[in-house]
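Asks: Chain by chain, the residues:
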Amino acid sequence: MRTPLLAAAAAATLLLAGCGSGSSSPGEVRLRMIESLTSPERTKLIKTLLKDFEKANPGIKVELISPPLDSADQKITQILQTKKDLDVLEVRDHTAKSFSNNGWLAELPTTEWPGWSDLTELAQKKAVEVGGKAYLIPYGFYERTIFYRTDWGMTQPPATWQELYEAGKKMTSGDRFGYSFRGGKGGADYAVMMVSAYNGEALNPEKSFFLKDKRTIFSTPEAAQAMDLYVKIFKEASPPDSVSWGFPEMVQGFTAGVTGMLIQDPEVIKTVQESGMTAWATAPIPKGPSGYAFQPVGYAGWGATSFTAHPKEAVKLVQFLSEAKQSIAFAKGNSLIPISKQAQSDPQFSQGAWKAYLQAQQDPKQVITIRPVDYPGWSQFLVDSDRDVQALITGKKTTAEVLKSWDAFWTDQAKKVS
Amino acid sequence: MRLFTARRARFIALCLLPGVVFVTLFTYYPMIRGTIIAFQRYNLFDITSTPFVGLENFRAVLSEERFWTALRNTGTWVVVSLFFQFFLGFGLALLLRRHFRGRGLYQAWVFFPWAMSGFLIGLLWRWMFNGQFGVINDLLLKTGLIDQRIGFLATPGWAMTSVIVANIWYGVTFFAIMIMAALQSVPKELYEAADVDGASRLRQFWHVTLPHIRPTLALIVLLRIIWILNFPDLIYSMTGGGPAGSTDIITTFLIQQVIGGDYGRAGAVGLLILGLLLSFSVFYLNATRFEKSR
Numbered sequence: 001m002r003t004p005l006l007a008a009a010a011a012a013t014l015l016l017a018g019c020g021s022g023s024s025s026p027g028e029v030r031l032r033m034i035e036s037l038t039s040p041e042r043t044k045l046i047k048t049l050l051k052d053f054e055k056a057n058p059g060i061k062v063e064l065i066s067p068p069l070d071s072a073d074q075k076i077t078q079i080l081q082t083k084k085d086l087d088v089l090e091v092r093d094h095t096a097k098s099f100s101n102n103g104w105l106a107e108l109p110t111t112e113w114p115g116w117s118d119l120t121e122l123a124q125k126k127a128v129e130v131g132g133k134a135y136l137i138p139y140g141f142y143e144r145t146i147f148y149r150t151d152w153g154m155t156q157p158p159a160t161w162q163e164l165y166e167a168g169k170k171m172t173s174g175d176r177f178g179y180s181f182r183g184g185k186g187g188a189d190y191a192v193m194m195v196s197a198y199n200g201e202a203l204n205p206e207k208s209f210f211l212k213d214k215r216t217i218f219s220t221p222e223a224a225q226a227m228d229l230y231v232k233i234f235k236e237a238s239p240p241d242s243v244s245w246g247f248p249e250m251v252q253g254f255t256a257g258v259t260g261m262l263i264q265d266p267e268v269i270k271t272v273q274e275s276g277m278t279a280w281a282t283a284p285i286p287k288g289p290s291g292y293a294f295q296p297v298g299y300a301g302w303g304a305t306s307f308t309a310h311p312k313e314a315v316k317l318v319q320f321l322s323e324a325k326q327s328i329a330f331a332k333g334n335s336l337i338p339i340s341k342q343a344q345s346d347p348q349f350s351q352g353a354w355k356a357y358l359q360a361q362q363d364p365k366q367v368i369t370i371r372p373v374d375y376p377g378w379s380q381f382l383v384d385s386d387r388d389v390q391a392l393i394t395g396k397k398t399t400a401e402v403l404k405s406w407d408a409f410w411t412d413q414a415k416k417v418s
Numbered sequence: 001m002r003l004f005t006a007r008r009a010r011f012i013a014l015c016l017l018p019g020v021v022f023v024t025l026f027t028y029y030p031m032i033r034g035t036i037i038a039f040q041r042y043n044l045f046d047i048t049s050t051p052f053v054g055l056e057n058f059r060a061v062l063s064e065e066r067f068w069t070a071l072r073n074t075g076t077w078v079v080v081s082l083f084f085q086f087f088l089g090f091g092l093a094l095l096l097r098r099h100f101r102g103r104g105l106y107q108a109w110v111f112f113p114w115a116m117s118g119f120l121i122g123l124l125w126r127w128m129f130n131g132q133f134g135v136i137n138d139l140l141l142k143t144g145l146i147d148q149r150i151g152f153l154a155t156p157g158w159a160m161t162s163v164i165v166a167n168i169w170y171g172v173t174f175f176a177i178m179i180m181a182a183l184q185s186v187p188k189e190l191y192e193a194a195d196v197d198g199a200s201r202l203r204q205f206w207h208v209t210l211p212h213i214r215p216t217l218a219l220i221v222l223l224r225i226i227w228i229l230n231f232p233d234l235i236y237s238m239t240g241g242g243p244a245g246s247t248d249i250i251t252t253f254l255i256q257q258v259i260g261g262d263y264g265r266a267g268a269v270g271l272l273i274l275g276l277l278l279s280f281s282v283f284y285l286n287a288t289r290f291e292k293s294r
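Residue numbers (UniProt numbering), protein chains in the order written: chain S, 1 to 418; chain A, 1 to 294.
One chain only, chain S, in its complex shape:
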């Protein structure tokens, strides 16, 4: 009786041990890595890079965990809370601060790593954005541009939000609409982009929800103008159904010929190219009346956990993925703005649809901002503001009500942080 029970217990223990990280065979190190922005093609690409890493580092095996996109960040957080069995992870701009606050991320060495000097200035800046320490090495950047159809009667892309509204309205008739509006998850981001542009020079790019005089960007009359125009763009130039559109629907709307304009990240370039559309181009995002356009550069990168049992190997993997060859392959595969200086000579990143990014970089009034992602209420605001935007465009709330609540929220946040 006792023997089979003991045997079963031992088998279960071995099985559980085998599931975790550690040495699976003598001399072999097994790293566990988790990604966040998962998609089948991306996972395939990462696996290829991991195979190259394993080839270059015999004795190290990497197990990749790819949770479903919608719940990936929650899953990562849960694993981090247990402080077990994770060595390398994808850290995003809006998770970096909370992960480091909770002591889950290891500081990455940069000085002894030759790859550091090959990173662009932006990549180096973003790597140490949280507390001045390198908790992640970005793998690429997401910066938005306008995608527009060149065969729907528009001679040149809209340079301002007012022009976008007018051009969109002209394009709208029957089953055809001017603009791929985002009213679902992430929709508030576009409203904030417009409000920022309308605040112009008064905005503080380093804390972009606040003005230089410390008030919030939602407290000004210009913010109300922007929000009113935002509602008009939805009502007069966008599909009614776009009240619930998220990323896939808005891209599908553009590629399926339902909408004539779209504002999105560079990863959409590949999708549009593959859709078979030929008459399209890109341009920098529209500006406000004062001639300014503001947007944050979205990013994510690879980091190592503070509790990994194999810190040396985990750092080695992060550095390997961030080196020129691998990072350029990853940026190409995912249509991202690359982190390596060597990519500047790559024709892919200076031609066609990518030209708009270079144009934006050369324009001093296309300003890159830093959003208050390191404030305690950031995640809550993301959830609440999307609902407010839906309430606004469906007429359940007024512009004044929405702006008043956002202003109150961020005024309170400013007090908490200071």
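Everything labelled a hint here was simulated from the structure, so no lab data went into it.
Treat each hint with caution, since some may be false.
[What the hints assert, rightly or not] Derived DEER-like restraints, expressed as beta-carbon distance ranges: (1) S/LYS83 - A/GLY275: 25 to 35 Å; (2) A/GLY19 - S/THR43: 29 to 39 Å; (3) S/LEU69 - A/GLY157: 22 to 32 Å.
Glycine is no exception: its CB is placed at the ideal position from the N, C-alpha and C atoms.
Here the structure of chain S is known, so what remains is to put chain A in place on it, guided by the hints.
Replies: Here is chain A on its own, set in the frame of chain S:
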């Protein structure tokens, strides 16, 4: 003899041990932990400082208009879904009880939705109900039932109807399975006796079938109410609770608190849901017991 009994008791205890360990680990531990968190300021932004805040999280949740909207929506979501799931499931079970060619295949096909995850069902129906590219709009347009596309998930009233339709499609099969099993347990002799007494099919159903399966029905209705209330997956993947909170139910509201990083408030919402379900279950079980003793 005593030795044998003691050994037997030890053996039974050993067999029960894994179950007890798993239930403690995966049910009671999270429940106790969640209860403690509900009384703490527990924001994911910084969990190195989690002070005790008393009833603060409950006060914050109960003062939110969104919570009460979600509660009202939960009522609609549960009652309407349950009503149609029950009656359609009952009808399906009566049809499937009959013997016909390929019945097994047909049963498997009917029960298929029950094997799918709620999240996947939500994604499927989200595309089917899509106002621009969805197959439902296409079908309605082609058959001439509508002359312009309907924003099923974009209009508050339609959005709630759409998620309920998807839920009905999913849940009908559960009732069909359970009721069919209950129907098969009714002894044939009772029907033969009713036939001899000259009872019509309707009277047989009313006086033989229904009394016999009533305890099963009471139980599965209770289970289903609890499950529907605790089934945010479908709504979350179809509408995310929108537009403007019109399809938010109490459990999607809870998810939003978690995503917002406020685990303290999420814990408070969880406890409120638990309280609601426990009170309802006690009331319901008492009511159905009364029914039985009558």
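Asks: Against each hint, give a clear statement of whether it holds in the structure.
Replies: Going down the list of hints, with the structure as the test:
1. S/LYS83 - A/GLY275: 25 to 35 Å: Given a distance of about 32 Å, which is inside 25 to 35 Å, the answer is holds.
2. A/GLY19 - S/THR43: 29 to 39 Å: holds, 37 Å
3. S/LEU69 - A/GLY157: 22 to 32 Å: Because 30 Å falls inside the window, the suggested range holds.
Figure legend: structure checked against the earlier numbered hints; every hint is met.
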